[in-house]
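Residue numbers (the numbering used here), protein chains in the order written: chain A, 49 to 211; chain B, 12 to 567.
Since the hints were made in silico from the structure, they are not lab data.
Accuracy of the hints is not assured; some may be wrong.
Think about it this way: if two alpha-carbon atoms lie no more than 25 Å apart in a straight line, the pair counts; the simulated DSS-like pairs of lysine-lysine are [said to hold, decoys possible]:
no. : chain 1 : residue 1 : chain 2 : residue 2
1   : A       : LYS112    : B       : LYS286
2   : B       : LYS287    : A       : LYS211
3   : B       : LYS259    : B       : LYS178
4   : A       : LYS202    : B       : LYS534
5   : B       : LYS259    : B       : LYS176
6   : A       : LYS147    : B       : LYS327
7   : B       : LYS343    : B       : LYS327
8   : B       : LYS408    : B       : LYS327
9   : B       : LYS408    : A       : LYS201
10  : A       : LYS147    : A       : LYS112
11  : B       : LYS408    : B       : LYS396
12  : A       : LYS202    : A       : LYS147
13  : B       : LYS286    : A       : LYS211
14  : A       : LYS201    : B       : LYS286
15  : B       : LYS534    : B       : LYS555
16  : B       : LYS518    : B       : LYS555
17  : B       : LYS408    : B       : LYS334
18  : A       : LYS202    : A       : LYS53
19  : B       : LYS287    : A       : LYS112
20  : B       : LYS178    : B       : LYS48
21  : A       : LYS147    : B       : LYS259
22  : A       : LYS201    : A       : LYS53
23  : B       : LYS286    : A       : LYS202
24  : B       : LYS408    : B       : LYS259
25  : B       : LYS534    : B       : LYS488
26  : A       : LYS201    : A       : LYS211
27  : B       : LYS396    : B       : LYS343
28  : B       : LYS555    : B       : LYS488
29  : B       : LYS334    : B       : LYS178
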Amino acid sequence: MPLIKNGAFAADPFVFVPDGRAFPEDTGVMVTLARFQGERENLFAHHAPVGVRLASSENPEVLKSDLHRIAAIAIEFPIFRDGRGFSWARMLRTRLGYKGEIRAVGHFLFDQLAFMVRVGFDAFEVRQDFRIEDFTRAMGEMHYVYQPSADGKKTIFDLRLGK
Amino acid sequence: MYRYDEFDATMVNDRVAQFRYQVERRLAGELTEDEFKPLRLKNGLYLQLHSYMLRIAIPYGTLSAQQLRKFAYIARKYDRGYGHFTTRQNLQFHWPRLVDVPDILAELASVEMHCIQTSGNCIRNVTADQFAGAIAGEIEDPRILSEIVRQWSTFHPEFSYLPRKFKIAVSGTAHDRAAVKFHDIGIEIIRNDAGETGYRVFVGGGMGRTPYVGLEIGRFVAREDILAYLEACMRVYNEYGRRDNIYKARVKILAHQLGADEFRRQAELEFAEIKKTGTLQLPERELARIAAYFAPPEFEDLGDEPPEFDAALSDKDFANWAKTNLTPHRAKGYAIATISLKAIGATPGDASADQMDALAQLMDDYGYEEIRVTHEQNLVLPHVKKRDLPAIFARLKTLDLATANAGLITDIICCPGLDYCDLANARSIPIAQAIQQRFADLERQHELGELKIKMSGCINACGHHHAGHIGILGVDKKGVEFYQIQLGGSGAEDASVGEIMGPGFGKDEIVDAIERVVDAYLKLRMDGERLLDTYRRVGMVPFKNMVYQEQTHAAY
């Protein structure tokens with residue numbers, strides 16, 4: 049799947065390895081939370097960079113003590129309506145101070161991209177036919193925001209106060 | 012009332028362009044109906060039985076004359092000459108064409124209006140007491156907080172894909188006209204012993220198929236913390252609200268499953284975390300800026316009993332109207348006037364383009380800045396000089412807007428039902444009209460006193476039947492419309508969920524059955540009791556006995 053990182057198509061340094069499959073050599077790997085928890089030290093020793101892929105029901109707070117060495121966290125959207133991932137990304141950035149990549153995977157819509165960037169996603173696995181112009185367009189649809197989020201964008205409340 | 016600044020205006024204009032692009036993609040076939048649906052819903056555009064329906068947000072039910080005129084214009088140009096005011100203080104057009112909707116939005120934006128988040132699984136339009144700023148005993152105008160919440164919740168990036176829809180209401184007085192305990196979050200503005208204003212936050216109220224009265228979660232949330240507290244409650248819901256079953260996805264299910272103590276504990280953990288970042292603290296200056304828009308007009312120093320008003324009371328029609336449709340105002344010599352949209356035989360909540368234009372003219376003539384929409388589907392002129400009332404009444408009469416039934420049995424809340432809605436199981440409008448006809452005699456209505464009938468055409472309860480003193484629920488039994496009666500509901504500060512009386516009635520029996528409920532009440536009541544009070548004193552059994560005993564048809 050094509051990857052958009054920081055607004056442009058980018059090579060993917062990770063290979064997602066489903067549970068039970070052998071790890072490929074010479075590449076970063078992305079694994080499920082269960083596998084990460086089971087093989088953590090082996091992963092960091094031999095397969096860095098390491099990414100963890102969370103299901104939409106998995107609270108990233110369980111990764112707290114390892115966040116400094118996890119290079120990417122993918123958050124799955126099983127269906128675009130399942131908006132838990134928005135809270136997980138926000139918590140990762142704002143509460144847990146996570147600086148690595150937060151990647152959206154699964155089923156989401158063009159029209160959700162701007163919200164995703166706001167809460168802290170910076171990478172997106174998109175459909176084969178996705179046009180980068182649409183990403184740019186999605187980022188530019190709304191000029192202002194009313195509420196603070198992980199993007200640190202000045203809110204309308206700030207702007208009114210001349211901040 | 013609140014006026015957009017450049018930022019608010021840009022937000023709404025951006026939204027028009029965004030939606031125009033979405034409609035273009037749909038019309039070009041780039042979006043399937045399935046993909047378009049959540050996008051149009053976030054903009055209040057439903058696909059109903061016969062056509063699209065567009066729901067326009069009227070934040071906290073406050074409208075200017077200019078906005079009302081715009082509704083009239085849209086009704087004529089793009090719809091069928093009328094609009095429908097809803098229980099969420101919104102306005103619906105029931106016949107727009109998809110290709111016209113972007114233009115309608117642009118028309119609305121030109122008068123600082125929009126359809127943002129009037130549907131979809133997001134935070135919906137915020138509602139408030141329709142008597143805000145006019146009623147005595149108010150701690151603070153609830154529209155100040157409502158406007159802040161409107162802004163905070165607009166395009167909230169984290170809470171736009173919630174498990175289910177989310178409704179917030181605010182009341183500024185202990186007497187609750189906004190049904191706060193039947194909202195996902197209800198906020199009551201209170202004052203503590205130290206004289207500070209703060210907020211009491213109820214979570215998990217709601218109607219639908221599992222009605223609940225909200226739980227008190229925040230006992231006293233400080234003013235500057237309210238957005239942080241709301242965000243905390245929302246986050247608990249977004250994380251833990253059920254997503255596997257649409258019927259169990261509202262926050263009421265989560266809150267009542269966890270219980271008030273556990274929900275509060277989780278919310279307060281989140282709240283503490285959010286407070287650490289400090290970014291959601293409400294700045295005093297911004298609060299003051301918004302509050303200034305809701306400053307009441309300068310009230311003249313008037314006598315409380317102007318001769319014009321007293322003289323008009325000899326007119327029976329006016330006296331009846333004054334009795335039910337006027338509410339004491341906080342300023343001497345003023346009154347709050349409720350304009351009933353429940354003329355006998357009319358569709359509850361509907362207003363024609365001509366009526367809207369005429370009301371706008373009346374507002375201009377008397378210098379009224381605003382008119383309000385009530386959740387009971389009526390309109391309100393909040394600041395009327397009592398001496399002007401006879402003339403205003405006379406004008407309302409010519410518009411068929413002077414029905415003297417506010418709060419009485421014919422002032423029925425009613426959803427659009429099977430005449431429009433594809434969720435409905437039964438028609439509601441014809442039943443409401445038949446009940447109005449049966450009880451059209453005004454003297455009889457006054458004799459019955461405050462009596463709230465609320466009717467829904469399906470279990471989703473848009474017509475608030477759970478909160479009706481008499482609630483009516485339309486159901487479908489093997490292709491036949493049936494109507495269940497509930498008694499004892501209240502949407503006020505003494506909130507309660509009505510109890511089902513027993514087997515339902517056919518469409519030809521329901522009006523008789525309602526009449527038997529009313530007759531039972533007249534036999535059972537003690538001095539000064541409303542039907543609700545009598546029911547609470549004697550319980551269901553005596554009512555049930557009288558209603559079913561005297562029934563001649565077989566009930567199902």
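Earlier hints that do not hold, by number: The structure breaks hints 4, 6, 9, 21, 24, 25 and 29; every other hint is satisfied.
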